[in-house]
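Colleague: If you want the building blocks of each chain, they are given just below.
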Amino acid sequence: MEAYTTDEPIYALATAFAPSALSVVRTSGDNCIQMISKIFSSKKRLLEAKSKTLVHGYLQTLDGERIDEVVLSVYRKGQGYTGEEAVEISAHGSLSGLKRIFRALEDVGFRKAKRGEFTFRAFMHGRMDLTQAEAVEEIISSKSELSQAKALDRLEGRLRNRLEEYREKLLYILSSLEVQLDYAEDEIPEEWIFPEEEVDEIITGLERLLSSYDASSLYRDGAKIVLAGSTNAGKSSLFNLLMKENRAIVSSIPGTTRDYIEAWSDIRGIPIRLYDTAGLRESADEVESEGIKRSERLIEEADLILYLVDPIERKLPKEKRENMIILYSKSDIEKGEGLSISSQSGEGIEELFDEIEAFLTKGGRKLDDIVIDSERQRVELASTLETLRTVRALRRDTSVDVYALYFQSALEGIGAITGEVTNEELLDTLFSKFCVGK
Amino acid sequence: MKDYDIIVVGGGHAGIEAASASARQGFSTLMITQSLDAIGRLSCNPAIGGLAKGNLVREIDALGGEMGHLIDISQIQFRMLNKSRGPAVQAPRAQADKFTYSRNAKELMEHTKNLELFMDTVVDFLVEKGKVIGVVTERGWKISSRAVVLTTGTFMEGRIFIGEYDAPCGRLGEMAAQGLGKALREKGFDVGRMKTGTPARVAASSLDYDEMEIQPGDEEIVPFSFMTDEVTRPQRNCYITYTNEETHKIIRENMHRSPLYGGKIVGKGPRYCPSIEDKVVRFPDRERHQIFVEPEGINTEEMYLNGLSSSLPEEVQRKFMRTLPGLRHCEIMRPAYAVEYDYLNPQDLLPSLESKHLENLFIAGQTNGTSGYEEAAAQGLMAGLNAGLKLRGEAPLILSRTEAYIGVLIDDLVTKGTKEPYRMFTSRAEYRLSLRHDNADQRLTRKAYEKGACDKERLEKLEEKLKAMDCVKELVKSYKERGKNGLALLKEPEITMDYISSHVAKLNDYPRYIRNEVELDIKYSGYLKRQEIEVDRFLKNESILIPDDFDYDALEGLSAESREKLKNIRPHSVGQAQRISGVRVSDIALLMIGVKSARKAKESENGSPE
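Chains as they are written, first to last, in the working numbering: chain A, 12 to 449; chain B, 2 to 611.
Derived from the structure by calculation, the hints contain no laboratory data. The structure displayed is predicted, hence computed values, not measured ones. Each residue gets a CB set at the ideal place from its N, CA and C atoms; glycine is no exception. Hints should not be assumed to be uniformly reliable.
Calculated from the model, a selection of chain B residues having no Cβ within reach of chain A, i.e. all distances over 12 Å [claimed, not checked]: (1) Val124; (2) Arg186; (3) Val192; (4) Thr233; (5) His257; (6) Lys320.
Within a straight-line C-alpha distance of at most 20 Å, the following computed EDC-like cross-link-like pairs (lysine to aspartate or glutamate) qualify [as the list claims (entries may be wrong)]: (7) B:Lys492 - A:Asp408; (8) B:Lys84 - A:Glu201; (9) B:Lys603 - B:Asp554; (10) A:Lys54 - A:Asp79; (11) B:Lys603 - B:Glu535; (12) B:Lys84 - A:Asp408; (13) B:Lys541 - A:Glu19; (14) A:Lys123 - B:Glu520; (15) B:Lys84 - A:Asp197; (16) B:Lys524 - B:Asp499; (17) B:Lys84 - B:Glu557; (18) A:Lys110 - A:Asp314; (19) B:Lys597 - A:Glu202; (20) B:Lys448 - B:Glu543; (21) B:Lys84 - A:Glu196; (22) B:Lys530 - A:Glu397; (23) B:Lys478 - B:Glu495; (24) B:Lys448 - B:Glu461; (25) B:Lys188 - B:Glu461; (26) B:Lys541 - A:Glu198; (27) B:Lys84 - A:Glu19; (28) B:Lys524 - A:Glu423; (29) B:Lys597 - A:Glu196; (30) B:Lys541 - A:Glu209; (31) B:Lys492 - B:Glu520; (32) B:Lys597 - B:Glu535; (33) B:Lys530 - A:Glu423; (34) B:Lys84 - A:Glu198; (35) B:Lys530 - A:Glu19.
I would like the entire structure built from these sequences, with the hints used as guidance.
Modeller: If you want it as structure tokens, here you go:
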């Protein structure tokens, strides 16, 4: 059951969800310091931090992959805004970075706060001189806000319909289990057989929906493309062509682009954050070698790397990455084998776009008509999927009551998006589908 | 001076538990029943227990009630149901000799200290300043009391139907209690109609047993009562047969003669226990329906046809019944019939089962829209117990959904109400993994003892059992294999308690049920932990209490629908408010804020800091 609660760990973005210099993500709830330490580089310093102090470090994923450099404001119980243990995360305001922060927080057990929930908690803990009206107002306004987002509603409506299908399937499976629990062996003598096919179908469907999250985030937040290659391979010329404006300085002296340049563009409807980097070479120039270091870091974070190769020099990258497209430049002078373009004549550019689109949308990341587009939905679906995978992997001699436990929790996961499933509804299904009763 | 402390109206399963719970607490108690010969009668099927219901019986017993003991000394067949479907959902069921059961029940009541029995029909209440202060009977007696427990079953304005025939009865041949329903309607109670039915009884000597399957009982008999050490009762077989196309054809052809389809019965019947007409209509593709033939006692000729309840005319009943194998020559002794009766909307009750309309009136059993002996008994026990607690000025005993099926039952009734006769189901209990029948005493007996609901002997029995379980655990732990101790080993699916017992001889000194219980606790500990998290979350909002005089009208921002429902139900906690259907999440948040500020205001009024 969804509800406003206290003490359960929650998070919310306190600043606007828009690209900006600084964003603040608030968290609150029992053990939240300990939970964040799992995704923080300076674990020990955070755990030992006194109340109302700052801790600097990196937020990272559970696998240890860095997300962003952040400053944490630590509040021990009774000291923060809500009166609960709390951590405020000051991070850089990139949208994709924020999304990754949200995801990391959810991975360690936070849930997204409901509208007004921080204020609600502050009130419940008698923390501040907040007027009751303020908390009430926030909660009431969350209702009307919902009905305003009509466009979103339509999208959600389609998602809901799709989920409704899975929900009904799960409801049927669960009621076929419950009928075994509600009636004795002599009344319902058939043994329950694990519906592998149906469960697999739901698993595949949920997987597809989950990947649609990546798709919708791709079309909403865009992808990071980094132009790389040795100096003078023609990166800036391509950058300019892609940006259709003379932003980067183009010259034939190697090492002109000492730092990186970034800009937004659009390829086949996908928003692209394009980075032109310093050419990769050893340099004695201090400024330039710092630029090269930054290029290397950008390459690490890129969704896609376009590695340009001069068809005469033919300097191929030292290591070929999965997310790298090798691209021969200057095809007006000489053609390389494979994908080849000329920034001068524009030759090969459509092929390049095809290639980029194909790469970014592979694995079903193409915008389907059904998408999930909120972190909350993603988390619910991911945990439902996990539950179904677990139950799918259980030994087939597991007893029915245990199976029911898992299917119940899977159903609740989907119910959290489409609306709650009540015991009455379960019994309705049970009575209508199965002939029961002596 | 009142005539009695507590009057219990009705001598059915709810009445028995209510009266004895009241008397056990030392209150002078009067049970008024329409017929002394009908105390504890099993009006429908001759069995006690079943899935979820068996758990209820054991909970009643753990709380000091009588039902477990009564079935232990009256049963004629025992079976543990759903052994193959997981320990958490197993439950005991026993066929009863219904005459023995009823006689035992009556004698038990007669010999209960502080309890008197009186035969008459209650037609109205004596009311003073919004409180019930006694009852008025058909023969004109006015008897005063400090509290009344109402357990009328199917008798309040009861009417039975057999085809075109109908009569004002609560059971076939027994007069309905007329007048009370009318009196309650006039007092503003929300009275509705419900319907149930019972199948025919046929003569044992007219059946062809070689055409039916035999259904024997279990060899191992687990007593229902935690106080019973061993059950020694003669055992009888049941039989199984099936309907067929011919049966269904006869039923279909005569459907228009059923009062259910002719519109004569307005009350809603139970979907889980449909009449044979219902089954034929709702599942037209089914070629056959299973029917159980159950003896109603050791020596009686009457056999109960479980699954064939009907309200068709008698000659039609005879015709379709004679199409079943084993029943081709059957002679009907009592026909099947439907019964329609008054029930009171249970949403008008507090979780203690006291009426919100009339103070000191407690209502239990089928009167609250439930079905089943066990459901009735469970409510009767709680109503009798809470009536006593009220008179003692103590807080009522309200069981949580997390600790007992009884908690689920009463919470469902008072929070959601019911549209059809409410039956307990395993699936209604969210936390069923920990609500096993075998640990009911661990869950409830201490609580009951603290409230004066059971005697010391029961508590000592529990402590003895806990001690034995600890010893068993220690012995299991002492066993080692593959570098693991026995407790860890038992969590593996292949390792059983029997296996460990075969290596640790001392374990065999302990009774099997103790070893079983330990085994289940260990085997399920992982799943129980998973459930524990949900229980904690659940209990959080249960503990935010809403004051009785909370003013919903003063709560800003509440939706009109939620406000209406909250005012009606008057939930005792935020958790309960959350379970009322149609109350929105945001409204619950507003309620929490409202409750908190109300409490704050009160505290500053009293000058006590938070």
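Colleague: If a hint holds in the structure, say so; if it does not, say that too.
Modeller: Outcome of the hint check:
1. Val124: holds, 35 Å
2. Arg186: Arginine 186 (chain B) is indeed farther than 12 Å from all Cβ atoms of chain A, at 28 Å.
3. Val192: Per Cβ check, valine 192 (chain B) is outside 12 Å of chain A; nearest 23 Å; holds.
4. Thr233: Check passes; 25 Å lies beyond 12 Å.
5. His257: holds, 23 Å
6. Lys320: holds, 21 Å
7. B:Lys492 - A:Asp408: Holds: lysine 492 (chain B) and aspartate 408 (chain A) sit about 15 Å apart, inside 20 Å.
8. B:Lys84 - A:Glu201: holds, 14 Å
9. B:Lys603 - B:Asp554: holds, 18 Å
10. A:Lys54 - A:Asp79: holds, 15 Å
11. B:Lys603 - B:Glu535: Not satisfied, since the Cα-Cα distance of roughly 32 Å exceeds 20 Å.
12. B:Lys84 - A:Asp408: holds, 13 Å
13. B:Lys541 - A:Glu19: Status holds; Cα separation ~11 Å.
14. A:Lys123 - B:Glu520: This hinted pair is violated, its Cα atoms lying about 40 Å apart.
15. B:Lys84 - A:Asp197: holds, 11 Å
16. B:Lys524 - B:Asp499: Judged against 20 Å, a Cα distance of about 13 Å means the pair holds.
17. B:Lys84 - B:Glu557: violated, 53 Å
18. A:Lys110 - A:Asp314: holds, 15 Å
19. B:Lys597 - A:Glu202: violated, 51 Å
20. B:Lys448 - B:Glu543: holds, 18 Å
21. B:Lys84 - A:Glu196: holds, 9 Å
22. B:Lys530 - A:Glu397: holds, 18 Å
23. B:Lys478 - B:Glu495: holds, 17 Å
24. B:Lys448 - B:Glu461: holds, 13 Å
25. B:Lys188 - B:Glu461: This hinted pair is violated, its Cα atoms lying about 46 Å apart.
26. B:Lys541 - A:Glu198: violated, 39 Å
27. B:Lys84 - A:Glu19: Violated: lysine 84 (chain B) and glutamate 19 (chain A) sit about 38 Å apart, past 20 Å.
28. B:Lys524 - A:Glu423: The hint is violated at about 25 Å.
29. B:Lys597 - A:Glu196: Given pair lysine 597 (chain B), glutamate 196 (chain A) is violated - Cα atoms ~50 Å apart, limit 20 Å.
30. B:Lys541 - A:Glu209: Violated, at about 36 Å.
31. B:Lys492 - B:Glu520: holds, 9 Å
32. B:Lys597 - B:Glu535: Roughly 24 Å separates the two Cα atoms, so the pair is violated.
33. B:Lys530 - A:Glu423: Judged against 20 Å, a Cα distance of about 18 Å means the pair holds.
34. B:Lys84 - A:Glu198: Cα-Cα ~14 Å, so holds.
35. B:Lys530 - A:Glu19: holds, 18 Å
In terms of the numbered hints stated before, the structure departs from hints 11, 14, 17, 19, 25, 26, 27, 28, 29, 30 and 32, listed from lowest to highest.
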